[in-house]
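If you read the protein sequences in the order shown, they are chains A and B. Numbered according to this note's numbering, the first sequence spans residues 1 to 113. Numbered according to this note's numbering, the second sequence spans residues 1 to 114.
Treat the hints with care, as some may be off.
Each computed DSS-like pair below joins lysine-lysine, with the alpha-carbon atoms no more than 30 Å apart [unchecked claim]:
{"id": "1", "chain 1": "B", "residue 1": "K11", "chain 2": "A", "residue 2": "K105"}
{"id": "2", "chain 1": "B", "residue 1": "K14", "chain 2": "A", "residue 2": "K105"}
{"id": "3", "chain 1": "A", "residue 1": "K70", "chain 2": "B", "residue 2": "K11"}
Far from chain B, by Cβ distances over 10 Å, these chain A residues were calculated [unchecked claim]:
{"id": "4", "residue": "V4"}
{"id": "5", "residue": "Q44"}
{"id": "6", "residue": "Q56"}
{"id": "7", "residue": "R63"}
{"id": "8", "residue": "S65"}
{"id": "9", "residue": "F68"}
{"id": "10", "residue": "Q69"}
{"id": "11", "residue": "A71"}
{"id": "12", "residue": "S76"}
{"id": "13", "residue": "S80"}
{"id": "14", "residue": "L84"}
{"id": "15", "residue": "T108"}
Chain B stretches covered by chain A per the calculated footprint, using a threshold of three residues with CB under 8 Å from any CB of chain A [what the hints assert, rightly or not]:
{"id": "16", "region": "32-41"}
{"id": "17", "region": "45-57"}
{"id": "18", "region": "95-103"}
Because the hints were derived from the structure by calculation, they are not lab data. Cβ coordinates follow ideal geometry from the N, Cα and C atoms, glycine included.
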Amino acid sequence: AQTVTQSQPEMSVQEAETVTLSCTYDTSESDYYLFWYKQPPSRQMILVIRQEAYKQQNATENRFSVNFQKAAKSFSLKISDSQLGDAAMYFCAYHQAGTALIFGKGTTLSVSS
Amino acid sequence: DTGVSQNPRHKITKRGQNVTFRCDPISEHNRLYWYRQTLGQGPEFLTYFQNEAQLEKSRLLSDRFSAERPKGSFSTLEIQRTEQGDSAMYLCASRRTGLNSPLHFGNGTRLTVT
Numbered sequence: 001a002q003t004v005t006q007s008q009p010e011m012s013v014q015e016a017e018t019v020t021l022s023c024t025y026d027t028s029e030s031d032y033y034l035f036w037y038k039q040p041p042s043r044q045m046i047l048v049i050r051q052e053a054y055k056q057q058n059a060t061e062n063r064f065s066v067n068f069q070k071a072a073k074s075f076s077l078k079i080s081d082s083q084l085g086d087a088a089m090y091f092c093a094y095h096q097a098g099t100a101l102i103f104g105k106g107t108t109l110s111v112s113s
Numbered sequence: 001d002t003g004v005s006q007n008p009r010h011k012i013t014k015r016g017q018n019v020t021f022r023c024d025p026i027s028e029h030n031r032l033y034w035y036r037q038t039l040g041q042g043p044e045f046l047t048y049f050q051n052e053a054q055l056e057k058s059r060l061l062s063d064r065f066s067a068e069r070p071k072g073s074f075s076t077l078e079i080q081r082t083e084q085g086d087s088a089m090y091l092c093a094s095r096r097t098g099l100n101s102p103l104h105f106g107n108g109t110r111l112t113v114t
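Just chain A, with the same shape it has in the complex (with noise of 0.2 Å):
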């Protein structure tokens, strides 16, 4: 069964640093896609950004991008000048033809001044 793990429990970061969250996940499919979702306190989850498997470019949205290893089956979140409002559950998720998307844990961003 496929699997994702974010390691990090916690993270934090200063207002306009860069912060990298990991996911690492499990899978013997070659075509997938990998997402990921913030979820702010008490507020609904939105995606993020997305990457599909076949594609070797580093999808980028603005001031976030990824960092994904196919072969290593890593997929970290880069935050760049990071700001008060990233504060948020973020999770790794992971989707194949025919499932349901599969989370990991989550990882908990704290964003200080």
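Fit chain B to the known structure of chain A by using the hints.
Frame of chain A, contents of chain B only:
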């Protein structure tokens, strides 16, 4: 796009009672998912529908849980004979068909079983 709507937002019930939650997905989304999330944890998959067909159920979904999606529009999740361990946030999400189509989540229903 009015977003995924879930009702109620909060539900407090006594152990042994039945509860039912409702989810209204984004109208053009044919896939609908139910997840359960406990404090500080990631969402755990419960079940999902494509239109009105329930395609997959997690082993987490005991016989006390049942979900429906009549006519392929809104969905309901019913928990019978609730237990304290059922206390959690129940999240509904929807998406279009397609591997790259992301999930859109509702605000969730927080269930507290006393």
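Okay, the hints, checked on the actual structure:
This hinted pair checks out: K11 (chain B) and K105 (chain A) have alpha carbons roughly 24 Å apart, not beyond 30 Å. Pair hint K14 (chain B) plus K105 (chain A) holds up; C-alpha atoms about 29 Å apart against a cutoff of 30 Å. For the hint linking K70 (chain A) to K11 (chain B), the alpha-carbon distance of about 42 Å lies beyond 30 Å, and the restraint is violated. Annotated as non-interface, V4 (chain A) brings its C-beta within 10 Å of a C-beta of chain B; the closest such distance is 8 Å.
With a least CB separation of 5 Å from chain B, Q44 (chain A) falls inside the 10 Å interface cut-off, contrary to its annotation. In this structure Q56 (chain A) is separated from chain B by more than 10 Å, as the shortest Cβ-Cβ distance comes to about 16 Å. Listed as a non-interface residue, R63 (chain A) keeps its Cβ farther than 10 Å from every Cβ of chain B; the least gap is roughly 19 Å. With a closest Cβ-Cβ approach of about 17 Å to chain B, S65 (chain A) is found to remain outside the 10 Å limit, as its non-interface label requires.
No beta-carbon of chain B is positioned within 10 Å of the beta-carbon of F68 (chain A); the least distance is around 14 Å. The claim that Q69 (chain A) lies off the interface holds: its Cβ sits roughly 20 Å from the closest Cβ of chain B, which is beyond the 10 Å cut-off. Distance to chain B confirms A71 (chain A) as a non-interface residue, since its nearest Cβ pair spans about 21 Å, more than 10 Å. With a minimum CB-CB distance of about 17 Å to chain B, S76 (chain A) clears the 10 Å threshold, and the non-interface call stands.
No beta-carbon of chain B is positioned within 10 Å of the beta-carbon of S80 (chain A); the least distance is around 22 Å. At roughly 21 Å, the least C-beta separation between L84 (chain A) and chain B is larger than 10 Å, which holds for a residue marked as non-interface. With a cut of 10 Å on Cβ distances, T108 (chain A) falls inside the contact zone with chain B, its closest approach being about 8 Å. Chain A is given as covering the region 32-41 of chain B, and this holds because 4 residues of the stretch bring a CB closer than 8 Å to a CB of that chain, at least three being needed.
With 3 residues bearing a CB less than 8 Å from a CB of chain A, the region 45-57 of chain B meets the requirement of three and the coverage assertion stands. Only residues whose C-beta sits within less than 8 Å of a C-beta in chain A count toward coverage, and the region 95-103 of chain B has 4 of them, enough to reach three; the restraint holds.
Consistency with the previously given hints fails for numbers 3, 4, 5, 15, ordered from lowest to highest.
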